[in-house]
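> Kindly generate the complete structure, drawing on both the sequences and the hints.
Residue numbers (this note's numbering), protein chains in the order written: chain A, 1 to 112; chain B, 1001 to 1110.
Residues from chain A that keep clear of chain B, each with C-beta distances beyond 10 Å, as calculated:
hint	residue
1	A2
2	Q18
3	N77
As a list, the in silico DSS-like pairs of lysine-lysine whose alpha-carbon atoms are at most 25 Å apart:
hint	chain 1	residue 1	chain 2	residue 2
4	B	K1070	B	K1057
5	B	K1102	B	K1070
6	B	K1070	A	K57
7	B	K1070	B	K1056
8	B	K1102	A	K57
9	B	K1057	B	K1102
Simulated DEER-style distance windows between Cβ atoms:
hint	chain 1	residue 1	chain 2	residue 2	range
10	B	Q1014	A	T53	47 to 57 Å
11	B	T1077	A	Q18	42 to 52 Å
12	A	E100	B	E1005	15 to 25 Å
13	B	S1026	A	T53	29 to 39 Å
14	A	K13	B	K1059	36 to 46 Å
15	B	L1107	A	T53	37 to 47 Å
16	B	T1051	A	T110	34 to 44 Å
17	B	Q1014	A	R67	43 to 53 Å
18	A	I12	B	E1005	32 to 42 Å
19	A	K57	B	G1040	21 to 31 Å
20	B	T1077	A	T53	37 to 47 Å
21	B	Q1014	A	P61	39 to 49 Å
22	A	G62	B	V1028	25 to 35 Å
23	A	A2	B	S1030	26 to 36 Å
If you are wondering where the hints come from, they were derived from the structure by calculation, not from laboratory data. From a predicted model like this one, the values you see are computed outputs, not experimental measurements. Think of the CB as a built atom: it goes at the ideal place given N, C-alpha and C, for glycine as much as any other residue.
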Amino acid sequence: KAGVTQTPRYLIKTRGQQVTLSCSPISGHRSVSWYQQTPGQGLQFLFEYFSETQRNKGNFPGRFSGRQFSNSRSEMNVSTLELGDSALYLCASSSDRVYEQYFGPGTRLTVT
Amino acid sequence: TQLLEQSPQFLSIQEGENLTVYCNSSSVFSSLQWYRQEPGEGPVLLVTVVTGGEVKKLKRLTFQFGDARKDSSLHITAAQPGDTGLYLCAGSNSGYALNFGKGTSLLVTP
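See the structure below:
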């Protein structure tokens, strides 16, 4: 079974721009979660989608948004990028046992 | 937010040594997971524990969930350089989100 894939792997953007990251979950997994990882804050939960519905959202500003498509693939968008948005963005998918999440390799976003 | 505190933050040992890392919280979790993450990659799930007092073994790694389901430990026997990485614990209650500790960075030198 193929794992979680994320594209792109690396991205460099300028302050004020927007960015879209993509995630393809493991086949059959309907839940997709997004996390932001930074050296200072560790892994922080952004949001989780299940069957195209956002079920839970972390404590991030509205500039961070996401969606899920009917094939369970998910995208997250960050608008008006700030320097502090530089991080590793991780996507994880899970099946019925939601607490067992399988992570992709992440997208390294650098904002200059 | 239910906080998970991991200790130690950093650990540098020589090959063959034993070590234990801890994950503590004031909150009760319905399940707790341990992950290992290597630089530039996503975390890889090692184990899930759900029952208070549960002990699980994965080769040289032993995981224990506290009786009160508030804490957990990971013990590595005879560490090897391949064990190097960031060890993360994560707890769940709602099932919708994992609360992660900040991790223990382990370096095992030959």
